[in-house]
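> Taking the hints into account, I'd like the entire structure generated from these sequences.
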Amino acid sequence: MTEKKKHKVFRQGAITANFIAESIAKHSGKTNIGAHDIFLGQVRNDLIENKTVVAIDYSAYEEMAEQKFHEIREAAFSKYNLVCMHIYHSIGIVKAGEICLFVFVSSKHRTDAFDACREIVEQIKAQVPIWGKEIFEDESHVWKINN
Amino acid sequence: MTEKKKHKVFRQGAITANFIAESIAKHSGKTNIGAHDIFLGQVRNDLIENKTVVAIDYSAYEEMAEQKFHEIREAAFSKYNLVCMHIYHSIGIVKAGEICLFVFVSSKHRTDAFDACREIVEQIKAQVPIWGKEIFEDESHVWKINN
Amino acid sequence: MEIRIIVFGQLTDIIGKTELAFSDVNNTDELKQKLSNMFPELSKIKYAIAVNKIVAQNNTALIEKDLVALLPPFSGG
Amino acid sequence: MEIRIIVFGQLTDIIGKTELAFSDVNNTDELKQKLSNMFPELSKIKYAIAVNKIVAQNNTALIEKDLVALLPPFSGG
Numbered sequence: 104m105t106e107k108k109k110h111k112v113f114r115q116g117a118i119t120a121n122f123i124a125e126s127i128a129k130h131s132g133k134t135n136i137g138a139h140d141i142f143l144g145q146v147r148n149d150l151i152e153n154k155t156v157v158a159i160d161y162s163a164y165e166e167m168a169e170q171k172f173h174e175i176r177e178a179a180f181s182k183y184n185l186v187c188m189h190i191y192h193s194i195g196i197v198k199a200g201e202i203c204l205f206v207f208v209s210s211k212h213r214t215d216a217f218d219a220c221r222e223i224v225e226q227i228k229a230q231v232p233i234w235g236k237e238i239f240e241d242e243s244h245v246w247k248i249n250n
Numbered sequence: 104m105t106e107k108k109k110h111k112v113f114r115q116g117a118i119t120a121n122f123i124a125e126s127i128a129k130h131s132g133k134t135n136i137g138a139h140d141i142f143l144g145q146v147r148n149d150l151i152e153n154k155t156v157v158a159i160d161y162s163a164y165e166e167m168a169e170q171k172f173h174e175i176r177e178a179a180f181s182k183y184n185l186v187c188m189h190i191y192h193s194i195g196i197v198k199a200g201e202i203c204l205f206v207f208v209s210s211k212h213r214t215d216a217f218d219a220c221r222e223i224v225e226q227i228k229a230q231v232p233i234w235g236k237e238i239f240e241d242e243s244h245v246w247k248i249n250n
Numbered sequence: 216m217e218i219r220i221i222v223f224g225q226l227t228d229i230i231g232k233t234e235l236a237f238s239d240v241n242n243t244d245e246l247k248q249k250l251s252n253m254f255p256e257l258s259k260i261k262y263a264i265a266v267n268k269i270v271a272q273n274n275t276a277l278i279e280k281d282l283v284a285l286l287p288p289f290s291g292g
Numbered sequence: 216m217e218i219r220i221i222v223f224g225q226l227t228d229i230i231g232k233t234e235l236a237f238s239d240v241n242n243t244d245e246l247k248q249k250l251s252n253m254f255p256e257l258s259k260i261k262y263a264i265a266v267n268k269i270v271a272q273n274n275t276a277l278i279e280k281d282l283v284a285l286l287p288p289f290s291g292g
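Chains as they are written, first to last, in the numbering used here: chain A, 104 to 250; chain B, 104 to 250; chain C, 216 to 292; chain D, 216 to 292.
Wrong hints could be hidden among the right ones.
[To be verified] Derived DSBU-like pairs (lysine-lysine); straight-line CA-CA distance at most 30 Å: (1) B:K211 with A:K111; (2) B:K211 with A:K236; (3) B:K129 with A:K228; (4) A:K129 with A:K182; (5) A:K129 with B:K236; (6) B:K228 with A:K129; (7) D:K249 with A:K236; (8) D:K247 with A:K228.
No lab work stands behind these hints: they were computed from the structure.
Right under this line is the structure:
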């Protein structure tokens, strides 16, 4: 029952609540799932040197990134007992308050979903060639730094 | 900006994907949030002594449970740096494939959301007076046991 | 003195109802003894007793109007 | 021999474009040296070089048709 169907990770602009709802609803037929862990990254209106971030413009080395996402995915499936996993990341402009990252991990028991979801999020931030340009109200920018 | 608004945790029947989407959408105005961790518990069609679970009928000692949920909530807000937190649990019949538990934790940085969400789920399972009656196709039942 | 007792989860299967009342129990130990005499099957199940929504860790005196609840192991989520 | 180089993130601000091409670099060390001569500001930034989508851990020979990418620290999510 393990599903490893691949889809494109990158989505133009913000990830909407409706898109997330549709993803959740699609899992009701998979009655071997007992636990879902969902991580959502949301763009903050951070104050940086007295200027407020109004959006992040994401760019990526897409071919390399899709390959990295694939590796992260395969590693998680071999390490954890998962039923399915989906990763979506925005490309282009995402405004403050909007969602830019959606990691959705489903398993029979909760421990696998919790462990895998967290590890996947850390790996995405550290290993995938994506860059966030933080845009201020006055259209100036700084490049985001991951912690 | 910390929001501690209380709402009733128990919801009659399954928690729908649309309800989850509406909860997510409500957070787009809170632009100090950078990370959401969402746990969803879904009813499995477990096979127990050759019979398949088709639904779980949840009952609770509601007054005591709401008090416990409140304690869990207060403890999480004092231990972690959270922006907001919502817990919903089904009461009554939830069919296999449907969602019975929705824990939604939001914070500025991801570590708080991840840590708090997981801890809250464990506390709900261990400390809150709720019982699941696993119903089989032939209408017989067993009482669910948490691990 | 009448003590009202509410019953949850699998204990409702054994006791056959969701509420009981006793007029002659003074504390939770007496209540447990009485219940196990009436319902021998209860010995198979570990259950807690809450008095006014607080789980009694030790033997606890019961007085009129206390709300006593019989709580089998929780299985929410 | 021409080596095509693609540029990402804040390096596009410094280099001023998203693609470069060099005909006279034989390996990644030579490339780094050439880039720091042309763009002194690069010395302020730690960046990796990927050759055909794999990050070069050591000095790596470059041949015609290799796809070279300049990768500043990642900041997805």
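> Evaluate each hint against the coordinates.
Verification of the supplied hints:
1. With a C-alpha separation of about 28 Å, the suggested pairing of K211 (chain B) with K111 (chain A) holds against the 30 Å cut-off.
2. Our distance criterion of 30 Å between C-alpha atoms is met by K211 (chain B) and K236 (chain A), whose separation comes to about 19 Å.
3. Between K129 (chain B) and K228 (chain A), the direct Cα distance comes to roughly 26 Å. Compliance with the 30 Å bound is thereby established for this hinted pair.
4. Simply put, K129 (chain A) and K182 (chain A) have alpha-carbon atoms about 24 Å apart, close enough for the 30 Å limit, and the pair holds.
5. Restraint check for K129 (chain A) and K236 (chain B): the C-alpha separation of about 25 Å stays at or below 30 Å, so the hint holds.
6. Between K228 (chain B) and K129 (chain A) the alpha-carbon distance is near 26 Å, which keeps this suggested pair within the 30 Å criterion.
7. For the hint linking K249 (chain D) to K236 (chain A), the alpha-carbon distance of about 27 Å falls within 30 Å, and the restraint holds.
8. Restraint check for K247 (chain D) and K228 (chain A): the C-alpha separation of about 25 Å stays at or below 30 Å, so the hint holds.
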